[in-house]
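One-letter residues, chain by chain:
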Amino acid sequence: MKVRVRLFGAFRQGRFRDKILDLEAGITPSGVMESLGIDAGKAGIIMVNSRHASLDRALSEGDILAVFPAVGGG
Amino acid sequence: MKDRIFRVNMTNLFTSIEEVPAAWAALGGRGLTSEIVAAEVDPSCHPLGASNKLVFAPGLLSGTVAANSGRLSCGAKSPLTGTIKESNAGGTAAQMLARLGCKALVIEGKPQEDKWYSLHVTPQGVTISEETELVGKGNFQVVDTVHSRLGQQHGVITIGPAGEMLLLAANISVKDPDGKLRSHGRGGLGAVMGSKRIKFIAIDPADSTIPLADPETFKKASRTFAKALLEHPVSQTLGEYGTDILINVVNEAGALPTRNFTKGQFEGHDAISGETMHELIKKRGGKVKHFCHKGCVIQCSQVYNDKNGKYLTSGFEYESIWAMGADCCVDDLDIIAEADHLMDDIGIDTIETSVAMGVAMEAGILDFGNGKEALRILREEVAKGTPLGRIIGCGAGTVGKTFGVTRVPVVKNQAIPAYDPRAVKGIGITYATSTMGADHTAGYTIATNLLNSGGHVDPLSKQGQVELSRNLQIATAAVDSTGMCIFTAFAILDDERCLPALVDMINARFGTSLTADDVTALGKRILKTERQFNMQAGFTSAHDRLPEFFSLEAVSPHNATWDFSGREIDEFWDF
Ligand code: SF4
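Going line by line, the protein sequences match chains A and B. Going by the working numbering, the first sequence opens with residue 1, and the numbers climb by one from there. Going by the working numbering, the second sequence opens with residue 1, and the numbers climb by one from there.
Same shape as in the complex, but just chain B (with noise of 0.2 Å):
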């Protein structure tokens, strides 16, 4: 099916369907949001109000059969970080999308009336209806009520009470293949889909394929891809332990962040570990291997079961575990998996919400370690929107302002997530710098930093951080576009055959002859715009920066500072 670009005006909820613009023809997933929020959202606009707008785009790729092609961009002006923000997702919604020849959803206004609405995604284009009956309602039973509704084989895009609350950590959730959650996770765009008055969106399953200018050549390449992905070494780590893997990793190098920021180890770290989940998941008749979309060939996700055997959460990530884990001391893993659940149902960023957590242990509202406590304030606190529940559900710097403290991890207002910036200093310029507040994912050095892919680079040393940052960024933005999801990146960094074999498959979908150096240009190009936004939203070199406590208290066992000038760090923007 022809790509065209699927309008829906909320204000006067009309919708339409346009032709794809010259200029967006070659542009997918984050390269096609952040292009759109760029060229029609004010930068100066409230994020909540009529005039914001929220983009869905599929990859380039998504919707073939690449391997693990199926991420989905979500973007819009994010109103957590003030910033322009991106935030991917697996889940079965790109591909199908992509299938239905939507290159991107925009949804624009803000309705007159104190409703709320669904959206149903079709071949014909998208109708409006009012909803009533899911108001109020968690992530877990919309997608179950769209099953009944509409038939097991559509597609959901949902908010839960955290995004109807307009809650600044708000997510954004995707069905799995299994029915269960997949989240935009970052930045409250689950915030802006509530003030959009959207509950959920459906999508048609479609039978359609997707045409490929030379399919002779996609196929192979598509080959010679899924290969190189399969005998990474770390893609079959990925499989059989998770990115829960990372703990153990993390925390023996120390820099896994605990007890909110003030240590680089954690003492419980075995008891968290993704050795210890695997161990767990094969005692307890859960999943070890799971995959958020089909042809994933990786299939980092997993099924974790609770003691009796019954279904506790899927898609158990290594952030999560981490923040409500050693930066809140909770050392047990199922509780951290029913914290994790809940979050997915109330519809808010795990990451932002336990760090937000800790911020609030250390301001003694509860206690470090404290899990039991964490479980009850996110059911009765968050989920029911008390005031206390609204403070944690609007972020770490939300709660650190509230209460008074000065240790708030956060960069343009979002949380630092799982690797603590002083003693891996790459990922703090990747913080520093990235144009979405602190996230890992826009410039993961950590590879390099610590798990020596694509090289090694010393995490204690200020030397190459800059650069390396800078070209991961980069790399990250256009991968980004790709619907490739971020787990590929490792192949692509050591595996010389990944690369063009990615081009190739780019060229033969669209029929284009880009380059390896196009995609380098891509990269620039998306990240160039959105700091343009962002500097016209008001944000100058003088946000690049991270909180004061990390140059001033030093972090065990390393006794690293973070010591990089200003100067230095805006060193990243020369390219």
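The shape of chain A in the complex, shown without the other chains (with noise of 0.2 Å):
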């Protein structure tokens, strides 16, 4: 299935910005990263659909899903 992944921060760094990805049927946010070779526990905030989602929810056929490390401001 297709989904379109978006890097932030220093996840961005030697990989990319923006992609749609061909990634196997249910994969989760965790399992995306894992195969991006990012540490999933570094991951500060999760969106899928620009909703905040957990890192084990399953994602399907053509899902925004963003990658942010932990991030403030203000």
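Bear in mind the hints are in silico, worked out from the structure with no lab data behind them. Just so you know, these numbers come straight off a predicted model, no measurement behind them. Any given hint could turn out to be false.
[What the hints assert, rightly or not] Using 20 Å as the maximum straight-line C-alpha spacing, the simulated EDC-like pairs for lysine to aspartate or glutamate come out as follows:
1) B/115 / B/131
2) A/2 / A/34
3) B/289 / B/231
4) A/19 / B/267
5) A/19 / B/270
6) B/524 / B/574
7) B/2 / B/204
8) A/42 / B/494
9) B/2 / B/19
10) B/227 / B/504
11) B/307 / B/279
12) B/137 / B/114
13) B/2 / B/207
14) B/528 / B/570
15) A/42 / B/231
16) A/42 / B/495
17) B/282 / B/270
18) A/42 / B/240
Work from the hints to combine the two standalone chains into their complex.
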């Protein structure tokens, strides 16, 4: 299935910003991170289709997954 | 040096030094400025008249070695909102005032004559001099001139032409360690300083150290505190990417106000993001990390150069970038940086002025996305005080009224900053109820609504938002009294070593025996004192509301509206 993956902050370094990936059905955000060589423990915020999601939620065809490190500001 | 109150009367040009009244001894920063303004300023006074007072107070821990403790609070009745106001800033002034034993600098009255003055704060007290050379000049020239007159080591607090012209968005700038500026941005405090005819305040570099009641405990607690800050992952991202890292996060969440609050996502988000800024800084030879005062271990600031490697701006913050960027649809970081530098020099709040520019775009004064014209307006209209420049320089509310715009994002006449309250409902409660007018820092629910700090509360649901905003506003009022910068809040929320260490430092500094509960009680007391002032100034719960358009117009991509009733909002004050 096709999932659009967006990476932010230091996760982009040596990888990509925004890419449509062909992934196995039912993969989770932590599975995607693992396949990209990112330590899932370093994830600060996960969003699926602009809504906050957990690391183990199953993704569906056409989802947009955004992976951020821990961020702050204000 | 012993703490005292420094007082300046601009009506008769007398200055004095007073003992600290017992009731003020345990207060600092916002707690102290709000207490003094509430005690000594008639809430019904004209903010630009002789009865208003301008109060500066370093935080309780400012001047000590405590990490990130160099915030200076500035308070008065605000000419922009008509409410009480506290706005805090980094820079070197808080640490320097604290080391001079200046617990608060209270400026009152108003000169009879049409002259400008400067103040010089020294260990012996404050002297007043007439100022002619710098009248009409920008903030950067003020800093350079004070350097050449008195020496590089002096601290500087200054207003630009905007403050002199009493524009309602005028800010007060504070010198940072590199001779650049940080600002008491919000609420038009620069106009209050201008109404007292004070162009700048120079501060003597004292070499005295702050007396500590229990140096050993202080040392231990301050180590624990600094360690907790350093180890928090948010501190690390802030150092690398600055606060502008938020552009992509808030955009992804559909909460980045775009095109004068008509959309929740900006097409040009990546071009103005922290990630892009980081790359540009590295390529052009700026500085990724930079601090606004010594002792900061997070270093969220940066130095941003232009294409030719020449300095453009520093302390380039998310809210400023959002306001001139997404809200005005300008997707060019260099233009936004130039605008930031210009506004720093003119001495005007980047948030208020840029949101006002967005409302002017909606009114057809200039086109959305036309950053070059925005720069021209800043340089040739606002800085020079033309009629259009004064209207924009008096903020979003004034622009809306002047040009008949109904979509005007303000609460209590202060511009709403960088998070759409329809898509992040907790921050909407903060905007509505803050004693300061729309102010994200007053109770930064974004931490919990979007950033997973202090848990997670769904940003689109109404559930739990009033309580979240209340708890954060209480905690923030207390933290704003310590001199701690707001970015310590992430560690305070998430790391259980942090708050006890903060309380231990306060106790070890003053010989008190406060507990975490006392800190909460202090926060509540500050909010109630401020609200009482506002009520006496004529504010009611009817002012604790968001503009109507947030309820009528849904914002994309979540199709969200503001759906809190007045009664639900008013529950905020049940404590
Ligand atoms: S984190 Fe940023 S705002 Fe806070 S003290 Fe450091 S440079 Fe200043």
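Each hint tested on the structure:
1. For the suggested pair residue 115 of chain B and residue 131 of chain B, the alpha carbons sit about 8 Å apart, so the restraint of at most 20 Å is met.
2. A hinted pair counts as satisfied when its Cα atoms are at most 20 Å apart, and residue 2 of chain A with residue 34 of chain A qualifies at roughly 17 Å.
3. Between the alpha carbons of residue 289 of chain B and residue 231 of chain B the distance comes to roughly 16 Å, so the proposed pair stays at or under 20 Å and holds.
4. Straight-line distance between C-alpha atoms of residue 19 of chain A and residue 267 of chain B comes to about 17 Å, which keeps the hinted pair within the 20 Å bound.
5. Among the hinted pairs, residue 19 of chain A with residue 270 of chain B is consistent with the structure: their alpha-carbon atoms are about 14 Å apart, no more than 20 Å.
6. For the hint pairing residue 524 of chain B with residue 574 of chain B, the CA-to-CA distance comes to about 11 Å; that is within 20 Å, so the pair holds.
7. Note on residue 2 of chain B and residue 204 of chain B: the hinted pairing holds, with a Cα-Cα distance of about 16 Å set against a maximum of 20 Å.
8. With a C-alpha separation of about 15 Å, the suggested pairing of residue 42 of chain A with residue 494 of chain B holds against the 20 Å cut-off.
9. In summary, the hint linking residue 2 of chain B to residue 19 of chain B is supported, as the alpha carbons are separated by about 9 Å, within the 20 Å threshold.
10. Distance hint between residue 227 of chain B and residue 504 of chain B is fulfilled; the C-alpha atoms sit about 15 Å from each other, no more than 20 Å.
11. Distance restraint check for residue 307 of chain B and residue 279 of chain B: the Cα-Cα separation of roughly 12 Å lies within the 20 Å cut-off, and the hinted pair is therefore satisfied.
12. At roughly 17 Å between alpha-carbon atoms, residue 137 of chain B and residue 114 of chain B fall within 20 Å of each other, so this suggested pair holds.
13. With a CA separation close to 14 Å, the supplied pair residue 2 of chain B and residue 207 of chain B stays within the 20 Å bound.
14. At roughly 14 Å between alpha-carbon atoms, residue 528 of chain B and residue 570 of chain B fall within 20 Å of each other, so this suggested pair holds.
15. Between residue 42 of chain A and residue 231 of chain B the alpha-carbon distance is near 13 Å, which keeps this suggested pair within the 20 Å criterion.
16. Proposed proximity of residue 42 of chain A and residue 495 of chain B is supported: the alpha carbons are some 17 Å apart, at most 20 Å.
17. Only pairs whose Cα atoms come within 20 Å are accepted, and residue 282 of chain B paired with residue 270 of chain B is accepted, the gap being roughly 17 Å.
18. Between the alpha carbons of residue 42 of chain A and residue 240 of chain B the distance comes to roughly 15 Å, so the proposed pair stays at or under 20 Å and holds.
The structure is consistent with each of the numbered hints, conforming to all of them.
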